[in-house]
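Join the two chains, each given in its own frame, into one complex according to the hints.
If you read the sequences in order, they're chains A and B.
The working numbering puts the first sequence at residues 108 to 428.
The working numbering puts the second sequence at residues 91 to 524.
Because the hints were derived from the structure by calculation, they are not lab data.
It is possible that some hints are incorrect.
[As the list claims (entries may be wrong)] For lysine to any residue, the following SDA-like pairs were computed, each having C-alpha atoms within a straight-line distance of at most 25 Å:
(1) K521/B / V265/A
(2) K139/B / N142/A
(3) K205/B / A272/A
[Said to hold, decoys possible] What the simulated footprint calls covered on chain B by chain A, stretch by stretch (three residues with Cβ under 8 Å from a Cβ of chain A suffice, anywhere in the stretch; the number is not a length):
(4) 280–291
(5) 347–358
Heads up, the beta-carbon is just placed ideally off N, CA and C, and yes, glycines get one too.
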Amino acid sequence: MTPALRARRILLLHGGLALLLLLCQFVLPDYHHTNFVSIMVLAVYALGYNLLVGYTGLLSLGHAMFFAAGLYGAGMGVHYFAWNPVVAFIAGAAAGLFLAVLVGLVALRTSGVAFMIVTMMFAQAAFLTTLYFNDVTHGDEGLTLTQAARSFALFGTVIDLTNPAIRYNLAWLLLAGALAVMLLVVLSPAGRVLIAIRENEERTRMLGYDVRRYKLAALGVSGLLSGAAGAAYVLFFGYVGSSFAAIPYSIYPLLWVLLGGVGTVAGPVIGTLLMFYLIEIARDYSSSYMIVVGAILLVLVLFFPKGIIGSWRARGQGWIP
Amino acid sequence: MNQKTPRSGAKKSLITRRSAIKTIGAASALGLAPGYVRYAQAQTSEPLKLGFQLHSTGIGAAYGRWYDRTTQAAVKLINAAGGIAGRQVEIVTEDDGTDPKRGAEVVEKFASQHKVDLVFGTLFSHVVIGSAPRAGELKMPYFVVSEGYHVASGALNRYVFQPGITDVRSQVSSMAPWIAGNLGKKVTMIFPDYAFGHDHRDFFTAAIEKQGGSIAALLPIPPTETSYTKYFPQIPAETEVIYHVMVGPGVLTFVKEMGEHFGSQRPQIFGFIDSLEAVDLASPGLEFLDGTYFWEAFPRYAGANQSAEDKFYREHVGVDGNGASTADAKDISTFSHMFGCWETLYVIKQAIEASGYQGPADKAKLIEATEALTSFAAGNEHPQGDKLFDGKRHQCYGHQFISKVEGNKLNVVHKTSIEDGQYENDTDYTKQSL
Chain A
108 MTPALRARRI
118 LLLHGGLALL
128 LLLCQFVLPD
138 YHHTNFVSIM
148 VLAVYALGYN
158 LLVGYTGLLS
168 LGHAMFFAAG
178 LYGAGMGVHY
188 FAWNPVVAFI
198 AGAAAGLFLA
208 VLVGLVALRT
218 SGVAFMIVTM
228 MFAQAAFLTT
238 LYFNDVTHGD
248 EGLTLTQAAR
258 SFALFGTVID
268 LTNPAIRYNL
278 AWLLLAGALA
288 VMLLVVLSPA
298 GRVLIAIREN
308 EERTRMLGYD
318 VRRYKLAALG
328 VSGLLSGAAG
338 AAYVLFFGYV
348 GSSFAAIPYS
358 IYPLLWVLLG
368 GVGTVAGPVI
378 GTLLMFYLIE
388 IARDYSSSYM
398 IVVGAILLVL
408 VLFFPKGIIG
418 SWRARGQGWI
428 P
Chain B
91 MNQKTPRSGA
101 KKSLITRRSA
111 IKTIGAASAL
121 GLAPGYVRYA
131 QAQTSEPLKL
141 GFQLHSTGIG
151 AAYGRWYDRT
161 TQAAVKLINA
171 AGGIAGRQVE
181 IVTEDDGTDP
191 KRGAEVVEKF
201 ASQHKVDLVF
211 GTLFSHVVIG
221 SAPRAGELKM
231 PYFVVSEGYH
241 VASGALNRYV
251 FQPGITDVRS
261 QVSSMAPWIA
271 GNLGKKVTMI
281 FPDYAFGHDH
291 RDFFTAAIEK
301 QGGSIAALLP
311 IPPTETSYTK
321 YFPQIPAETE
331 VIYHVMVGPG
341 VLTFVKEMGE
351 HFGSQRPQIF
361 GFIDSLEAVD
371 LASPGLEFLD
381 GTYFWEAFPR
391 YAGANQSAED
401 KFYREHVGVD
411 GNGASTADAK
421 DISTFSHMFG
431 CWETLYVIKQ
441 AIEASGYQGP
451 ADKAKLIEAT
461 EALTSFAAGN
471 EHPQGDKLFD
481 GKRHQCYGHQ
491 FISKVEGNKL
501 NVVHKTSIED
511 GQYENDTDYT
521 KQSL
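Here chain B stands alone, though its shape is the one from the complex (with noise of 0.2 Å):
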């Protein structure tokens, strides 16, 4: 101690007045400090903000009520097990009236306003068409669940993805396999004579020739449509299946009038999901479904073979084992879509997570992260299953189903593999600027 004490006075004597100044200046950044260190964790403890772009009104609002509940399970479950990246995740929801218009506007809102990191939870295309081209200029990383071709088609731009759902042409592409070879190779469609009939049409022809099929007719229908027998005398004698997929109000009429035109002989049937979305089975004149098959994306029926993460997702968002809210047997899910928002979030956690995102500073890093993605396992996080991601095209593939109509239920007969739902384009948003 002794000899420290004149050490220590010598050090007093070495006091200049450029030594103070700096002794100042340190004191001054030490007092300055806890703002910033305040701030820096601010940037890394603060809430991360998602912005959920959601149809509660409009044509939309039967998928929108679903893809909310969906959302805020899933939310509540990340945040429970500590968040994305040790931060919790706050959803700020701004209703988009199912209008193109309005999307644009509300990924505005999202970025100008409300200052959140990413956006996500469009469903309807021409949505997610007319939103996408702010979200690039804004440089607004932007996961839709949408099931369109268009992001994949290399029509958006590098901000868009989509790896929560797998995409038309890839679920369309992947029937065709199992319905030449279980239902018939001659195949009648009817669509609705717009883009998403349009999609159906020019994928599934071009993949049921491949299988040594043919189109016996192509029936599009009008959107102003409402009574559809002066259609069913246009199917060929030769149609083996009928392959359909109308959506909107005019389907239970749709399926009634097929049904009193063909009475007991008729063909095979086919349909898609999409048309009777949130819309009971058992429904007066939906009796005519039975024994036809439709594809689904996620069973809505939990059948015999229900896997564990199936279970966990439906206790989650409350759903039954019929595809119904648990608090109203009547309430219908929209159970083939609503599950791609529950696993966009968890490719959102992951690809933050790889990224080390701290803010929107970093959002280029996101979409390299996103974009060097490759795959997802099946479980609680994916619980519809596995899929493959390409990067490249920003689109996810998975696994499809086909289900048959047995007393007013749908039991699982077929399940695609990835590669049934695989196809071949030139798309490749990494050659973008960020």
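Next comes chain A alone, as it looks inside the complex (with noise of 0.2 Å):
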């Protein structure tokens, strides 16, 4: 396959899925319109989470830290000081890179099963923290901001995030830039050297690469994705508390990416996607949903052990980022 028609094989499936959910707005029903703005917005936190686990092969147990940072970061910014909403998600997704390249330099002298316990331990003192300084995050019952609070004037026009419509835009856009960012870096020469480092980490030193530095920084654009999500979480829909901070929003993203494909650019937007609906009708039948949902990702992991982009790729389709 030439360079140029894998190229524009590539922009087909990702503008092609990303065109389908800008236009999916027009057709759906209030509630499903309001659930796509969440599926959006944790679609860039899994995002960020493949590009970790997916092409750098760092498994984190502890996202949950980077994308609380960004839901704290930005959501306290708004409660306490009443920033403006816009600047409020600048320094969500600032808190998310930051707190990612300060566990990194710790947790990145590690590896394997080591990284993800360290991982896990960083995110369990981050989620204690929210529940420690209970007078200013309000721990486990968290924080409320106001419609008013959420809206901004740009070019003179009034920019309200509970307008179902420029919420649901705004979320596409975030998610249009984060399948943008991480077309940009996995076809790099960067990405081509993160999945160096996943596929032969030795291998990539003896060849000169820093890896530390590579991971670092793959560590840190993960952070600032999941950060960038959390922000935008919390500006959408209002409401910070510790349980984001908890370990389940560390496993979450790990599921959507097992579902959706690790490795691939599109796959975790599917996962995330498919979980949602998943648990979505699952509850419809019954209280025990997860035992629902557990069983249909066993029949996933037995006959499509690399997810659905993943196993569509493995299929004869190698352009597939």
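Okay, structure coming up:
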């Protein structure tokens, strides 16, 4: 396959996916319209997670801390300092980046199972911090942002983040941006180095690459996307609480990525969407919906171990990034 | 008759093209009228749909099960008595998994998919706080049964009410006079180190100091703790009363280890029944609680002076005189909380009937009518007791009970006045726009 044809196909797949999500807003009923906002924001979180686990081979069990850094970074700024939502969003994303680099400086001294444990411990410490500073964070109960605090003026026009159409299109913009960032990173020479690290870290080091620096950069970008997702979530939905920093929110992105396809750009988006509706539909049939979801996941893992997009790629579609 | 015939004929002769068009128009209107009338009737005779946000799964499931039973019992009674404003009540239940993110999604689902008239029944504070912003944005009346201070504190919005259960600040404050007067004034508090425990810490500290008492020590327990032995030696010797409010699966270990630490020589002990809701007091390890005191919102054990409304309420919900299910004596209810669903439904009934609510277009009228309520009289609709309602704070205030554990039962020793639980704050939701 020529590079030009591959580029065209990549653009068609990811552009098509983004376009489809953009157009969905015109046909979705109200309830699903709001669900899609949540899904697109969480998909950005999954994309960030996948950069680390899928492309760099670092399995984190503590990504909730970066998502929560974004939530608290933006949410507390608006709640306590009446920040403009744009400033709050940037602060939330920056908080994710900053925390990821800080944690990375320590955690990247380890690898494999040790890295999983260290990231989980850091995340647990972050979760307990949100409870410990209850006077500021309101701990498990959390904080709400008023409707008025979630609007801002842009070139004389008031942008109200509680407006369904505005919220949907901003969430889409964030996801489209995250998809573009992921494609740029993954298809760049640096992305090839990350994949090389995943495949054989020692060999990559022997080739002269500063492996630790690449891993730190990957963790930074991953933290940035996770933080951006957290910041968007609090601004769109007006609530931040410590439950978002708890262990389940470190496990969810792993499940989304596994379902969609580890080490694929489109996979996390598909995985987040399918998992959301898998749970949603299972809820209608049983209060033990997680058993249903678990059974379906088992089937997927047995028959599609590389996830949906990963399995498709394995069947002669090697051009899929 | 003969005289009328020509007049009749004269009328016929007056038919013009214009009057014919008018007649056809009127006939068309009449032809369409049945549809319109049917629609107008539908507005008033269709069932009233109430969205019930239930903790069927997650940490709140034990409470959720009883909230559901109480709600179904109250709705059955309401419907049997003619419904609300002549309309039957239909409950639409959605599980929120006791999760704030899902809570907000459930509110959205109620509004957009189920098209309910209002949402009610949420218990856990973090789910209430996570769901409230969406309820406000959707302008969906949201009646919670949470006992959190979040409503009265002014942290939420104009669409959120808590008219069926008192808040934790009120409960805690009303305990202090009796504790100071009967158990002691030097208090050591043991509480979970997160928001729920911090509310107790802050409000009780202020209340006991107002009574001339003092806090001997504050012992916050991290939420991840599984053993409590290291905390008991930190209780100062001068402690006269231990105030504990542990919750979750560790509570049995906590009581057992406290008993092992103190043996027969112990200070007075006062706790909140939240620790032991849905737990049998005859459970092994709880023997140490004998002779200690508990706050109850509604006494679990019927007692000798059981009121007629208490009896009525238990019969209809299916709870025996020991606070257990009439179908299974081991199935202990969450008696101090679940009455809130029953009473909230009757407040909703009162507010809807007072507002003349017909459909979603009247939501603002419903909010204003709820804010105009001032008191609820004790009776079958309010079996826990009479209450005052503060329309500015969207919060009710009522009586509390203090019970002593004697022979694996709780016997009421004190009932507070409504005034004991009142406090000052400047919350006024009525200033917010609708």
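Just pull the numbers of the violated hints for me, sorted ascending. 5
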